[in-house]
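**Q** These protein sequences, in sequence, are chains A and B. Note that numbering that gives the first Met the number 0 has the first sequence beginning at 0, numbered continuously upward. Note that numbering that gives the first Met the number 0 has the second sequence beginning at 0, numbered continuously upward.
Please note that the accuracy of each hint is not assured.
What the hints assert, rightly or not - Beta-carbon label-pair distances, calculated as ranges:
1) A:S277 to B:L83: 33 to 43 Å
2) A:E48 to B:E151: 23 to 33 Å
3) A:K274 to B:K8: 14 to 24 Å
4) A:W198 to B:Q218: 42 to 52 Å
5) A:E36 to B:A22: 41 to 51 Å
6) B:K8 to A:E323: 30 to 40 Å
7) A:M0 to B:K233: 22 to 32 Å
8) B:K8 to A:M296: 23 to 33 Å
9) B:G110 to A:R347: 44 to 54 Å
10) B:A22 to A:F378: 24 to 34 Å
Said to hold, decoys possible - Not everything, but these chain A residues come out facing chain B in the computed CB check (under 10 Å):
11) A38
12) E333
13) V410
Hints listed in this document are in silico derivations from the structure and should not be mistaken for laboratory results. The beta-carbon is built from N, C-alpha and C at its ideal position, and this holds for glycine as well.
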Amino acid sequence: MVNEINISLLGHKDHGKSTFIGRMLLGTGSITEDRIEEARGICRSLRKEFELAFLLDSFVEEREGGFTLDTTTAQARHNGFIYNLIDVPGHKELVRNMLSGASMADAAILIVSAKEDEGLQDETKLHVFLARFLGITKLVVAVNKMDAVANSEERFGQIRSGVLTVLESFGYLEKDIQFIPISAKSGNNVLARTDSMAWYGGKSVIECLEGFALNQPDYSRMPPRMFIQDVYELGGDRIAVGRVECGVFRTGQEIAIEPGGIRTKIEALSAGDGKPMSEARAGQNTGISVGNTSAIMRGSVCMDVQRAAAPGREFRVRLFCLPEAELLEGEPLELICGPQTAACKLARVIETMHPIKDSGPKKVAGIVRVGATESAEAFIETDTPVVLEKFSMMPPTGRFVLWKSGRIAAVGVVL
Amino acid sequence: MAEFQDLTKLEEKSVYVLREAKARFKNLAALWSMGKDSTAMLAIARKAFFGRVPFPVIHIDNGIDFPETYEFRKRLAKEWDLDLIVVKSVIKDDISGIKCCGANKTDALKGLLDTRGFDGLIVSIRRDEHGIRAKERYFSPRDKEFKWNYKEQPPEVWEYTSRFEDTSHVRIHPLLQWNEVDIWRYLRQEEVPINPLYFSREGKRYRSLGCTQCTVSVQSGAANIDDIISELQKTGTAERSGRMQDKEQENVMQRLRALGYM
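Full structure from sequences and hints, please.
**A** Below is the structure:
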C-alpha cells in the first residue's frame, strides 16, 4: 500500500510557500504539461516572470496580488509516497484559512527566507505557535532563497539560530528539528541535494518527508473511540453509524456510550452496504445495532468499557482566539468537538499570551477577556456533560472549536 | 512505480462526508450529470446508506445532452431506484461559457432550490480538476444570490466544524480528495455502470462530459477502463481540456463558480 502523508506549509507571506509546492509538483512530475503551460501563459498576460506559485494560486486576486488568499491542497507523488501538500496564506489576518489547512496536517515545513530584508518575521512566529498548538511535532525548517544570498553558510547559520530560539520558546526541541538550506525557485536541496551548497551535509527536504511518512502514529493501537454520527432506522432495527477514530471495535465487545451512562455489548457491526464486519478499525466507518436505546444519538461517544473516559462539565483548556473575534468570561458560547456539541462558557482565564507580541504568558489576576490573536489557558464549563479528553493522549476527543454569534471564534485543545 | 491513492481510504472519507451531510441538513439533494464523478458518488452513497440513495438526484437538462447520456440516465435511475428530478434549463442566445453554463444552468438550479427548499446540495467536484476547485472546502455555503464568497470562506478546522446560518444552501463536496484516475479505479473495482461516451469509438472518446455543444472529444483508443487508466498515466494534458467553459479566459471558472456554477 502506498504511504501517504498530509504536510502543511508554514511561514510568512512572500517567503515562498506556494513556490515550494510548485517546485515539488514540477520536480516529481505530478502536474500535467498543459497546466504548467497555462500558468506560463497567465504570467505572460500579467507581464510577470513565470512563477511556480501560479500552479497553486489560482484566484485572480492571488495572481495579480502575488499572495495566497486561501488554503489549497496539491498532491505530489514520488518514489512510492504521496504527499498532500497544503498551501496556506501567510498573512496573519488570514489565519482562519491557515488553520483550515494546517489543522489537517500530519507534519509541516516552515519556510523562512534567507534574504537580508526578509528573515524571521511576525507571521513566522505565529505559524510556529499554531503548529505547536495543533500538535504538529514533525517539522522541518526550510531556509529558502539561498540563491539570493550566494548560498552563504553564514547567513543560513544566522537564520537557523533565530528560528531555533522561536521554536524553543514554543516548546520545540532542537534535536527534533531539521534545518535545510534550499532554493524553491531553482530546486536546490528540495528533491536532491546540490553541489552549490557543499557545506551542507544533511538531508534534502523530500528525504525528511519520507522519514515522516514512514513514522506515522497507528491510531488503531489507541483506546477505542467513535463518535456516533447518526442513527438510522432500518427494517425495525436502529443502527448507530460513525467512523472509528481510534482503536478497534469488535463484535462481542463490551462498550460504554457517553454521555448517558449506557453499557452494552456489540451484537453486530455492519458496513454501510449492510455487510457484517467482524471488526472496525481506526479510519473505518461502521454501524452498531443499538435496538431501541433512545439515549444513543448523534454526538454520543462510543468507547471500550475498560478504557472509557467519564463525561464531565469542566475542563482545563488552551485556546487560540481568531483575529476577528474575542472571548469574554461568562458569555454564551457553543463547543463543537466532531459531532458532539454543547452550550458552554469561559469560566476562568488563567493566563493569556499574544504569540507575536509577548515573550511569555501573562498571569495577571482578574483577566476576563481573551483578545484577538491571543492564546489563553482557561477553564471552560459546559451546560451538559460531554466527553473530552487530553489532546496529547486522544486527539479526536481532545480538540474543539468555540462558536460565537454565528462564527468560529476560537480553536481549543484540552490540557 | 505508480503512486495511487488508497481507494478504501478515499471511500471511507466520502462515506463520512455524505453521512455528515445527511445528519446536518434537513433537505438534501445531489447533482447528477450522468458523468463518471457524480455516478461514482451515487455508488458510494449506496454503500453509505445501506443500499439506497436516500436523497433526490437532480439533472439540470438543457435538452442538448448526448442521446447516450439520456439513455444512461433512464437505465441507472431504474436500476438504482433513484428519486430523479429533471429540471429543464433554457438555452438563450449564447452557447457555452459564462452565459450558458453560468446563467442558464445556474438559473434553472436556483428555480428548483427555491421551489423545493433544498438546504444541502451534494456536488461531485474534485480538487485535481481545476485550480479553482482545489480552493473549495468540503462544506461550502452559498448566499441568497447563490454566490460563492470565496474571499470569506468559513474556516473548516479539523473536520467539518463550520455551522451555517443565513445561507441559501450549502454545497457538499464528498469527492474533493479523489483524483481522476482514482474514480476510474473505483468504478472498475465496484463494477459501476458507466456512460458509454467515455469509451473510444472511431479513435475518439470523451474524457470530461458536458452537453453536446461545449464538450470536445479527445483522440483516444481507450475502449475499456483498463485502457483509460493506462492512458491517464501517460497523458500530458489536463482532464477538462475538452471543456470550453474552462478556456475562454483564464479566470472563467472562478467567475462561474462565484456565480453559483457547479
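**Q** Restraint: A38 (chain A) near chain B, CB-CB cut 10 Å. Satisfied or not?
**A** This interface hint holds because 9 Å falls under the 10 Å limit.
**Q** Could you see if the CB distance from M0 (chain A) to K233 (chain B) stays within 22 to 32 Å?
**A** Given a distance of about 24 Å, which is inside 22 to 32 Å, the answer is holds.
**Q** Just to be careful: measuring from the Cβ of E333 (chain A) to every Cβ in chain B, is the smallest value less than 10 Å?
**A** holds (8 Å)
**Q** Is it true that the C-beta distance of K8 (chain B) to M296 (chain A) lies inside 23 to 33 Å, as the hint says?
**A** holds (28 Å)
**Q** Measuring from beta carbon to beta carbon, are A22 (chain B) and F378 (chain A) in 24 to 34 Å?
**A** Because 30 Å falls inside the window, the suggested range holds.
**Q** Assuming the hint says 23 to 33 Å, is it satisfied by the Cβ distance from E48 (chain A) to E151 (chain B) or not?
**A** holds (31 Å)
**Q** Has the hinted range 14 to 24 Å been met by the Cβ atoms of K274 (chain A) and K8 (chain B)?
**A** Between K274 (chain A) and K8 (chain B), where Cβ atoms are some 18 Å apart, the hint holds.
**Q** Is it true that S277 (chain A) and L83 (chain B) lie within 33 to 43 Å of each other by Cβ?
**A** holds (37 Å)
**Q** Is the gap between the beta carbons of G110 (chain B) and R347 (chain A) within 44 to 54 Å?
**A** holds (53 Å)
**Q** Does 41 to 51 Å hold as the CB distance between E36 (chain A) and A22 (chain B), or does it fail?
**A** Check passed, 44 Å falls within 41 to 51 Å.
**Q** Please check whether W198 (chain A) and Q218 (chain B) have a Cβ separation lying inside 42 to 52 Å.
**A** holds (51 Å)
**Q** Does V410 (chain A) pass the interface check with chain B, least Cβ-Cβ distance below 10 Å?
**A** holds (5 Å)
The structure shown violates none of the earlier numbered hints.
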